[in-house]
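Trainee: One letter stands for each residue in the lines below.
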Amino acid sequence: MNEPNSPNRLAQLRLVEALSSSEHRYRQLLDSLSEVVFCLDATDRFTLLNRAWQDHSGLPIDTCLGKELRQLMPETEYQRWQSLHQAGDFCAEFQFYAADRSLTWFEVTFNPFEVGGYGTMLNIQDRKQSKLALEYSELKFQNIVENIAEILFQIDRNLKLQFLNPAWQAISGFTVAESLGSSILDYIAPQQHAAILDTLMATLAGKTVQLELQLSCKDGSLRWVAMNAQYVKFNQTITGALMDIHQLKQVEQTLKLSEERFKLLAASTTDGIWDWDLDTDRVFYSPRWKDMLGYQDHELENCLSTWHTRVHPDDIQPAMDQVMACLEGHKPIYENVHRMLHRDGHWVWILDRGIALRNAQGVPYLMIGSHADISLLKSTEAALQSREQILDAIINICPDGIVSISQDNLIQSVNPAFCAMLGINAEHLTGMSEFELERLLEALSNHQPPKALAGHEDQIKFCLDLAKLRSHPLFNATTYSHGLARENKSPKIKAISRTVRQLKKDRIAKVWYFRDISIETEVDQMKSHFLSTAAHELRTPMASIYGFSELFLLRQLDSETQYEIIDTIHQQSKCLVEMLNQLLDLARIESRMGLDFCFERQALLPLVSRTINDLLIPGDSRQVSFNPGDKEFMVEVDGEKIKQVISNVLVNAYKYSPQDSPIEVSLVENPAAHCDTQEIGIRIVDQGYGMSQEELAHIFERFWRAADRRNIPGTGLGMSLVKEIIDVHQGRIEIKSQLDQGTSVTLWLKQK
Amino acid sequence: MKTPTLLRILIVDDNRIIRHLLRLTFSDQQRFLVHEADSSQQLLVRLEQFTPDVIILDVMLPGGRDGFDLCRDIKSRTDLSHCKVILLSARSQQEDLAMGEQAGADLYITKPFSPEKLIHAVESLLKPI
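Read top to bottom, the protein sequences are chains A and B.
Under the numbering used here, the final residue of the first sequence carries the number 754; numbering is consecutive throughout.
Under the numbering used here, the final residue of the second sequence carries the number 193; numbering is consecutive throughout.
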């Protein structure tokens, strides 16, 4: 019956073909869809699934066909499905398991059909996630808005508050509810309304604005807030934030006040103030700082180089070292003395002090300090130093001993002269107590000053015995100086007087001043001895003059006697005059120590011959024979004084020789020269009365005269004068004499 | 009126001119008999020769012993008990006067002196009490 190629069969075949190609086409269509298409049977099993199912879930279609729905979704989801299914067709969101058991959201549209149903599933996983993310984000945002300390607001174009966060209440005291709808200006201090309006209007132009304003709070107070706002086109509001800067403002005020005070202080102090911002290197210099260097405030820039470039080149490195030491924390305070260049070009001495301020990490951010002008101090210091040096020099040069004693009665210092007096070095003396030193001096002294110093006991404080000095353990021969005590004349003592001067200073309480008066007393002695002797000697001729003249006046005398008397008076007057002159000569030479001698280099021969020629003894026929020799001798002498010397000796030669006794003068050389310079001698030889050896010893003594056996007039001063003059010329005198034989006097002078 | 006795005066001074002056002072030969000595040695020699009534003694004498010394000596001698000693000196200090007194001098005269006054002094010294 069914033949393969029957028209029914063909028709059947054609139908099957058409059906399968139609199915194929539908299949292709289904598989091309991105949505999942499915059919469920009565038992909620999949009967149809398109490729999309596999794409979205990762599960192969054939494994899912025939599978129960409840196996492909969480139980809770299936429960929901069932309840919805019962209602009819629905569109809902369900989660299905993917291959890896993760859940994927689908939006399912389901239509019941016959016993099962068909539907589509749209993968809304992404959508779901975005929604979740958005929800989460909104939650987060909400959280922030609710919890933020700053006020967040939105106002419409009429300035009415559309939105406020809880911070509003915290800050202003008004609840959000009561504030919404009112104008923001209601909550702002009236005097600022104009500024606010302008600012807010500016936002409409697209600007972001910032403004500080005062919020009028519920409790009546005004709080400073900082507003940041901009126009949001989207909802046509001006949106912004208000930050509570009340505290900040207060701190600002305090700071400002503090700065005012600081400026005032800086202006009034005599010190210059500086304030160095370490980050910007900008430095605030007070007007006084600049004034110290001769500048007006505007003339100097407020930066580090203003200071740096004006410090003296020798001082800048040490100064910077000190600055760094302070900044690095090695030193708590910066302190440095340096010179700075004044506008006028001179250097000013500055004492610079400062401290560094550090942040929490210990890093310095600011350094502040002061300048003090210590030029005056420095110059005073310098003056003081130089004065001290001068004083020290004076004290060290002073030939008298100076000992300073401290408040504690300890020897503070001794000068070189004092050490020389004792022959003890300074280090042994300083630090000793006053008492000890006095004891030392006493121990070195004789308590009874010798006769030579008799009459001066009240002046003498210590009469140092040189023998005791020398044997003292601390004695140092190099330090010791004879000073004034001439050892050959006064071999044993050195008399010193002491003056004590009390001072009111802190360091030195007393000064002892020691004077070596050995020679003073000696000289005093000699002077008074000399004077009394001189006076005495002068009295004798005076006695004659006075006595004889009285007799002449009172007595009746014969003319011969009268003549005798007058003659005697005359002679004695002459003697007196001569004596006085010689005394004066001697005194002058002694006091001037030959300083007014006129030394001239000259030939000796003519000097001697002139002297001889000038010396005319009236009535005496004797001539002096002068034997000069051939050689020329040069000497450096005071011509007049040498003439005097030669005259005196010649006069003596005349006086102490009989009438016709010859006198010879010659120039002699010293063959045995015992010194470097050659000597030349003037020798005067007489054959007169001579002197005994004993008499010879006294020849140079003042007023001394040999026994006057022959009534020869004389003052006894002639040879003294000769000695003084020759001494000044650094020459020497040689005298040989024999009684009744004669005398030879040789005056030795240095040849030049 | 009694005729005054001739006074023996011994002048001791090493200075010739002073001796001359003193001699001239006591030149009245009616009243005075003048002797001289020029040193302490010579003085002693003279004292052996005669006993003077007055010794005018210069303090500054050569020869080791000065006037004070000699004065003391003279004053201690019993044979010269009546002899007056006048010390003559250029030194006029208080100490010297005191020394003179100590030495037992009857009078201390300083140079320069007035011859007239000296005569008076001598006379009053030797006036019979």
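Where hints are given, some of them may not hold.
Some, not all, of what chain B presents toward chain A, calculated at C-beta under 10 Å [stated by the list, open to error]:
no.	residue
1	L85
2	L111
3	Q158
4	K175
5	P176
6	H184
7	A185
These are calculated hints, taken from the structure and not from any lab test.
We put the beta carbon where it would ideally sit given N, CA and C, even for glycine.
Trainee: Taking the hints in turn, state whether each one holds.
Mentor: Verification of the supplied hints:
no., hint, verdict
1, L85, "holds (4 Å)"
2, L111, "violated (21 Å)"
3, Q158, "violated (13 Å)"
4, K175, "holds (4 Å)"
5, P176, "holds (4 Å)"
6, H184, "violated (12 Å)"
7, A185, "violated (14 Å)"
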